[in-house]
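Student: Just need the whole structure built from these sequences, with the hints factored in.
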Amino acid sequence: MTVTKQRNREFVRTFFTSPAAVDGEDTAEMARKASQLRGMQAPDVWVPDNEDATAPNMRDEGAENIVEVVSENGAEFPGEIHPRIVWHRNDPATRYRGLQHMLTIADPEDGAIEHIDGFVVPEVGDVDDWKKADEFITIVENEYGLEEGSIAMSVIVESGESEIATSRLREEVGKPSNNLDQRLFMLVDGEVDYTKAMRGMTPTGELPPWPELRHNTSRGASAADLIAVDGPYDDIRDVEGYKDRMVENRAKGQIGIWALTPGQVEVANTNPLPPESGHWFFEVDDREIDLEDDDGVQVYEGDRVSLEETGDGYRLTVGTDTHELADEDELKEALVDIASYVPSLGDIVDSMEEFEAAKEAGKGAIAMTQATTLRIDGVEVDIARDRMWDEATYQAAQTPINLFQDVHANRPDQHEELEELYGAELVERATQVGQ
Amino acid sequence: MTVTKQRNREFVRTFFTSPAAVDGEDTAEMARKASQLRGMQAPDVWVPDNEDATAPNMRDEGAENIVEVVSENGAEFPGEIHPRIVWHRNDPATRYRGLQHMLTIADPEDGAIEHIDGFVVPEVGDVDDWKKADEFITIVENEYGLEEGSIAMSVIVESGESEIATSRLREEVGKPSNNLDQRLFMLVDGEVDYTKAMRGMTPTGELPPWPELRHNTSRGASAADLIAVDGPYDDIRDVEGYKDRMVENRAKGQIGIWALTPGQVEVANTNPLPPESGHWFFEVDDREIDLEDDDGVQVYEGDRVSLEETGDGYRLTVGTDTHELADEDELKEALVDIASYVPSLGDIVDSMEEFEAAKEAGKGAIAMTQATTLRIDGVEVDIARDRMWDEATYQAAQTPINLFQDVHANRPDQHEELEELYGAELVERATQVGQ
Amino acid sequence: MTVTKQRNREFVRTFFTSPAAVDGEDTAEMARKASQLRGMQAPDVWVPDNEDATAPNMRDEGAENIVEVVSENGAEFPGEIHPRIVWHRNDPATRYRGLQHMLTIADPEDGAIEHIDGFVVPEVGDVDDWKKADEFITIVENEYGLEEGSIAMSVIVESGESEIATSRLREEVGKPSNNLDQRLFMLVDGEVDYTKAMRGMTPTGELPPWPELRHNTSRGASAADLIAVDGPYDDIRDVEGYKDRMVENRAKGQIGIWALTPGQVEVANTNPLPPESGHWFFEVDDREIDLEDDDGVQVYEGDRVSLEETGDGYRLTVGTDTHELADEDELKEALVDIASYVPSLGDIVDSMEEFEAAKEAGKGAIAMTQATTLRIDGVEVDIARDRMWDEATYQAAQTPINLFQDVHANRPDQHEELEELYGAELVERATQVGQ
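Chains as they are written, first to last, in our numbering: chain A, 1 to 435; chain B, 1 to 435; chain C, 1 to 435.
It is possible that some hints are incorrect.
Pairs involving identical chains hold if they fit within one copy or between any two copies, as the list cannot separate such chains.
What the hints assert, rightly or not - In the EDC-like style, the derived pairs of lysine to aspartate or glutamate whose C-alpha atoms are separated by at most 20 Å in a straight line are:
#1 Lys175 x Asp126
#2 Lys363 x Asp23
#3 Lys363 x Asp234
#4 Lys243 x Asp337
#5 Lys363 x Asp26
#6 Lys332 x Glu301
#7 Lys131 x Glu171
#8 Lys175 x Glu148
#9 Lys363 x Glu29
#10 Lys131 x Glu172
#11 Lys132 x Asp377
#12 Lys131 x Glu324
#13 Lys332 x Asp235
#14 Lys332 x Asp23
#15 Lys175 x Asp128
#16 Lys332 x Glu240
#17 Lys363 x Glu61
#18 Lys132 x Glu171
#19 Lys363 x Asp60
#20 Lys363 x Asp350
#21 Lys332 x Asp238
#22 Lys175 x Asp329
#23 Lys131 x Asp350
#24 Lys33 x Asp413
#25 Lys243 x Glu283
#26 Lys243 x Glu114
#27 Lys243 x Glu206
#28 Lys243 x Glu333
Everything labelled a hint here was simulated from the structure, so no lab data went into it. None of the values given here were measured: they were computed from a predicted structure.
Tutor: This is how it looks when you write it as structure tokens:
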């Protein structure tokens, strides 16, 4: 175990909690099952949860279960392991119990700690409260002869004061009296308890969207070189909603998300990676309408967009707006306005390689073209859109590739699935580009 | 008067301003009328306004009027009383005038201060400016032999620097040189002056929505254990817009709102309480469409959603999306996706009691079911949706109940109206649940 | 050059970058062309860009080009001149190179510095990093005998830590060891690099909207008396999108925007000024639909709103909602709900003058009426909406007028175009009102 162990991952796609102890004959059953997940169903970070998912009166047993399961299966588990312990900014008894559970779990004689990457601390308050948790982990490390700072610490941001703390980290973690700089790893939003702390209400009882919380968590993570993870998505049945949430989150720089089931893990492991094939869509009245690919031609057949040739040009209807267009150039321009393209992994790798070659040849900026043929109401039109790429564009485009490379480097158990999805040759190129 | 007087209320629904002095024979007329409001028309906090609502040259008289009206009617007024005085972060003359008005209003010989809970300080700047106002109030308390910290202080957040200050409160209010910790009560947004300070512009001249301001105010209130209140809604005629604003605010944890008329007070006192009866709605293209209850069947008769049985299943159209569904199970699933339920006060109390009983019986999580029959284009379908409740869900759901209980405990003048609306038995249960 | 030189402008509409050096025979060609812009095509701030727009290996030449072009054409250039130098929070070599370029550009013997108003520093980190740039500029001033604080400094906010820094400025700029208080001028968002720093991703590769960044930048500018400017809008072809972005920005108090071409400069110089003539629109399902003015009657001819007289009243359809209205009063009320007016410069000046006259006459608040005749499906209806104006409304409405006056005072080269657009008489009144 080294001081920088917690920095193995640059990205965390999935944060999967499972109860540390459940009712029944084998109270470790759920934890044991989770420890056996592999491939796309195995999370980047597995969180044996000895807090909310485990009944208060079973948490001492939960700590024992974590030791048992992790010492047995931890070596083979493909992701990182970060148990969640109990903590509360307003309750010293809970904090002391959290310390005791950490002492139980981390005892090197029991053989679990060598497979454990860190602890997750819920219900933290302002930065001074984070320092208390840091101090307890330092004591655990010292007690057991582990290197100071070697056990990572992640927090659940689920109060106003901890949200505010995310903007103070950069100036606090370097102070000589704490080890937060080496220790901090993930900032995880916890919207259920955050809603309670903020006294948020919605008519249906659903959680508010809290866009500012997610922004601030992501920003705090970026400023302090940490990883931002969104909280649980309760409606397990609603896969589309979960995916939409992830798209929103990524536009905020929050790339990881909580998962409550192996099914959610699989969706959340896959979703942030660029798609296997690109596709075109129209944006009409703030809604995205996917086009069907018919052998390279993008076909629209609904009734939100219609097109007809008139004697002297074209009539294009988009939603309830009708445009009379004098010639094909005007038509192309109007269609470029509503058409967008989602690039595939291959497209991104192509563009990056192309830019690298241009840079090698002494060019600072080049135009990348996206072109296709659209067919609307039987009328076919070729469109093309250019985007200038310079060094900054190139670097911003690199984020999904960095993610891909981080996944590839750290999750050999997913190589087979990646190659099945993208093909071995593209996987190879994607791991090389930009290096 | 005790040091914690300002903590009587955990929630403030309504912040009602009335001019301290107006032109005319009886310049105290508006203030006197306001002091006589009772029941749902009486605000949780009444603010005799000796700042913007009173002409600059009438403010000395305004301070006298406050003394006169409050000493006369304050004892019977059912809400708290917090006069607004003049203040400006950039103008010492205005601040000194504010001190003089507080000295006038708080003189115990005049008999008003015993009914006054605090002062509202507008146009504050950074935290150091808040401390100046705190110091002036401390001086007033000391001058008149009142307990230090007994007069509450609320601020209007209407500048960038005071918005920033809301995230500093937790670390500043505990410092030994100020009394802000006991004194601070409400953080109130003031969007008109905020817009000016931020130099915001909209094409029509309407106020920008400032979602981040409202978030930050609410977050600062949560972190420092204060109460967040939104600013005035100018278009008094537009009751629906006012209600929509309150729904938005509550999703941000900002439960209180300014009221400019007794009519607005009534709407804003009632709106945050759970409804008397629940109702179902469809969500189509981001719009909510209420269903009509026909004897327990929820009927939709518009043209945004249509349903027909085909030979081999169902065709469901939602907006412009058409779904072909193979059987009733698929249909139910598709309808569950678009249908939501707004629970009544009774529903919430039922759910909480049910969860409490389950917890008593040793269960940590139970499924709550919302079920109904839908009728669309004459076709009837039974649907049901489950939601898992655990301790965290329970506690988050408690916010409207805590609000209800706070209202019930502090506003006996509204008991009759609450019982008329909900029935005496439900009111009784709602005051007991979760205690 | 005086210490307050950088305060010449209260508003910056346009921040126009041009490469300091390009490939070719005359590497200063682009910079020279930019220096010759006049009138609406000339920006309020011209930024000869010796960072991203200039290839890394041409930046020493870029610094020389800036000297050459500005010493030649700077005296006649109608806007301010703020070259962008290289900088990076994580790279001392880049920072030192930035210092060297500033020493090159500012040498008084070369005659450029007397026309240069400040430097733009990209890629800054937390406030301590801003202080390093401030110190380098102080050294440059001292080296060349320029007054301390006379060279302005603007930063590009393009990292989480610099976004956080925007809320610390007020307390940091006054400290005795830095000159930031006199020096700071613009806070400019840089969304491309910010997206990279935050690791934001979107499916299409477009930039995320980052609303919170823009809010925080604007708020930081307001709190520290600086000017907020939004980053580049890449899709040069998309003028409507550029305009929409500016409307959004102004609702956040961010009035300036980056421009990449003289065409964008012209749009961005014009857009924040009130329009020459007002117009009415309907708001239906969150979309704005402009009405056609037919000789004072506002005509709607689309199919989103329809109106017919029934035997006993009116049937009004708005989107898919149908309202049965008993009489003309109800109809008027329903139409007022969906109709809004965008006032012209003349309307705003009229309202302000009217309010000033009322104030003079001792009135603190007056109702302003917006009235017109609507024609829908051949039915004509007169509507009127009132808005109360008090001192606060008046001051908030003043922002566009202050902008107009700032432009008029500082950009004599645009007088002719302003008079062509608005007429000389209105321009005269607009420069006088509110003074």
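Student: So, for every hint listed, does it hold in this structure?
Tutor: A quick look at each hint next to the structure:
1. Lys175 x Asp126: Both: 16 Å inside a copy, 16 Å across copies.
2. Lys363 x Asp23: The answer is between: 9 Å across copies meets 20 Å, while 65 Å in one copy does not.
3. Lys363 x Asp234: between (49 Å within a copy, 19 Å between copies)
4. Lys243 x Asp337: between (26 Å within a copy, 15 Å between copies)
5. Lys363 x Asp26: between (64 Å within a copy, 17 Å between copies)
6. Lys332 x Glu301: Cα proximity of Lys332 and Glu301: one copy only (18 Å, versus 27 Å across).
7. Lys131 x Glu171: Answer is both; intra-copy 13 Å and inter-copy 15 Å each pass.
8. Lys175 x Glu148: Classified as within; 15 Å inside a copy, 33 Å across copies.
9. Lys363 x Glu29: between (59 Å within a copy, 18 Å between copies)
10. Lys131 x Glu172: both (9 Å within a copy, 19 Å between copies)
11. Lys132 x Asp377: Answer is neither; intra-copy 66 Å and inter-copy 61 Å both fail.
12. Lys131 x Glu324: neither (65 Å within a copy, 56 Å between copies)
13. Lys332 x Asp235: between (42 Å within a copy, 16 Å between copies)
14. Lys332 x Asp23: Answer is neither; intra-copy 64 Å and inter-copy 33 Å both fail.
15. Lys175 x Asp128: Both. Shortest intra-copy (12 Å) and inter-copy (15 Å) distances satisfy the 20 Å Cα cut-off.
16. Lys332 x Glu240: Intra 32 Å, inter 17 Å, cutoff 20 Å: inter-copy only.
17. Lys363 x Glu61: between (63 Å within a copy, 17 Å between copies)
18. Lys132 x Glu171: Both: 17 Å inside a copy, 17 Å across copies.
19. Lys363 x Asp60: This pair counts as between: shortest inter-copy Cα distance 18 Å, intra-copy 63 Å.
20. Lys363 x Asp350: within (17 Å within a copy, 55 Å between copies)
21. Lys332 x Asp238: between (37 Å within a copy, 13 Å between copies)
22. Lys175 x Asp329: neither (62 Å within a copy, 59 Å between copies)
23. Lys131 x Asp350: Answer is neither; intra-copy 46 Å and inter-copy 41 Å both fail.
24. Lys33 x Asp413: Answer is within; shortest intra-copy Cα gap is 17 Å, inter-copy 58 Å.
25. Lys243 x Glu283: Both ways: Lys243 and Glu283 sit 18 Å apart in one copy and 18 Å across, limit 20 Å.
26. Lys243 x Glu114: neither (34 Å within a copy, 56 Å between copies)
27. Lys243 x Glu206: Answer is both; intra-copy 17 Å and inter-copy 18 Å each pass.
28. Lys243 x Glu333: between (31 Å within a copy, 18 Å between copies)
Violation of the numbered hints given earlier is confined to hints 11, 12, 14, 22, 23 and 26; the remaining hints are satisfied by the structure.
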